[in-house]
Amino acid sequence: MGGVDGAQPGIIMPAQPEVPLSYRQEFYAGHAEDMAWIISSSQPTRVPLGSYRDALLTLEWTRLEPDVLSEKLYAPGVGLISEHDVAGGDERSVLVSVKSG
Numbered sequence: 001m002g003g004v005d006g007a008q009p010g011i012i013m014p015a016q017p018e019v020p021l022s023y024r025q026e027f028y029a030g031h032a033e034d035m036a037w038i039i040s041s042s043q044p045t046r047v048p049l050g051s052y053r054d055a056l057l058t059l060e061w062t063r064l065e066p067d068v069l070s071e072k073l074y075a076p077g078v079g080l081i082s083e084h085d086v087a088g089g090d091e092r093s094v095l096v097s098v099k100s101g
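For the sequence shown, position 86 matches number 86 in this note's numbering, and the numbering has no gaps at all.
One or more hints might be untrue.
What the hints assert, rightly or not - Derived pair list, reagent style EDC-like, types lysine to aspartate or glutamate, alpha-carbon separation capped at 20 angstroms:
#, residue 1, residue 2
1, Lys72, Asp5
2, Lys72, Glu91
3, Lys72, Asp85
4, Lys72, Glu18
5, Lys72, Glu33
6, Lys99, Asp85
7, Lys72, Glu60
8, Lys72, Asp54
9, Lys72, Asp34
10, Lys72, Glu83
Said to hold, decoys possible - Now the in silico label distances, taken between C-beta atoms and shown as ranges:
#, residue 1, residue 2, range
11, Glu18, Gly79, 17 to 25 angstroms
12, Arg53, Ser93, 18 to 26 angstroms
13, Ile11, Gly88, 40 to 48 angstroms
14, Thr62, Pro17, 16 to 24 angstroms
15, Ala15, Glu65, 38 to 46 angstroms
16, Val86, Pro14, 28 to 36 angstroms
17, Val78, Gly6, 19 to 27 angstroms
18, Ser97, Ile39, 41 to 49 angstroms
19, Gly6, Asp90, 13 to 21 angstroms
Hints listed in this document are in silico derivations from the structure and should not be mistaken for laboratory results. Beta carbons are placed, not taken as given, at the ideal position from N, Cα and C, and that holds for glycine.
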């Protein structure tokens, strides 16, 4: 949607993520206003797919849902492996498998 009706492109993950970088993931006023803040680049974690010593931990939010705050974990070479709401919601997901093809 970047460029359409005032929407601006964003970034889901910077190429060189660093603590304590914060950034806009997307922006379409009133529809998509997601933000992220990198808080750790060496978070140990375990999901059904496996264990990781160096996952990137972010806090993510949007002004459109001001009471909701989510933690997301990204593993190098894999991507998003876990997310859960830490305030204002009850969403939770973990990566259980990867299918190539």
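Checked hints:
1. Lys72 / Asp5: 29 angstroms, violated
2. Lys72 / Glu91: Cα-Cα ~11 angstroms, so holds.
3. Lys72 / Asp85: 9 angstroms, holds
4. Lys72 / Glu18: Cα-Cα ~15 angstroms, so holds.
5. Lys72 / Glu33: Given that 20 angstroms is the threshold and the Cα spacing comes to 17 angstroms, the pair holds.
6. Lys99 / Asp85: 26 angstroms, violated
7. Lys72 / Glu60: 7 angstroms, holds
8. Lys72 / Asp54: Cα-Cα ~13 angstroms, so holds.
9. Lys72 / Asp34: Holds. Lys72 to Asp34 sits at ~13 angstroms (cutoff 20 angstroms).
10. Lys72 / Glu83: Holds: Lys72 and Glu83 sit about 4 angstroms apart, inside 20 angstroms.
11. Glu18 / Gly79: 17 to 25 angstroms: Between Glu18 and Gly79, where Cβ atoms are some 18 angstroms apart, the hint holds.
12. Arg53 / Ser93: 18 to 26 angstroms: 21 angstroms, holds
13. Ile11 / Gly88: 40 to 48 angstroms: 24 angstroms Cβ-Cβ, so the 40 to 48 angstroms window is violated.
14. Thr62 / Pro17: 16 to 24 angstroms: Given about 20 angstroms between the Cβ atoms, the range holds.
15. Ala15 / Glu65: 38 to 46 angstroms: 28 angstroms, violated
16. Val86 / Pro14: 28 to 36 angstroms: 22 angstroms, violated
17. Val78 / Gly6: 19 to 27 angstroms: 34 angstroms, violated
18. Ser97 / Ile39: 41 to 49 angstroms: Since Ser97 and Ile39 have Cβ atoms about 27 angstroms apart, the given range 41 to 49 angstroms is violated.
19. Gly6 / Asp90: 13 to 21 angstroms: Violated - the Cβ-Cβ distance for Gly6 and Asp90, about 32 angstroms, lies outside 13 to 21 angstroms.
Checked against the numbered hints given earlier, the structure breaks hints 1, 6, 13, 15, 16, 17, 18 and 19 and satisfies all the rest.
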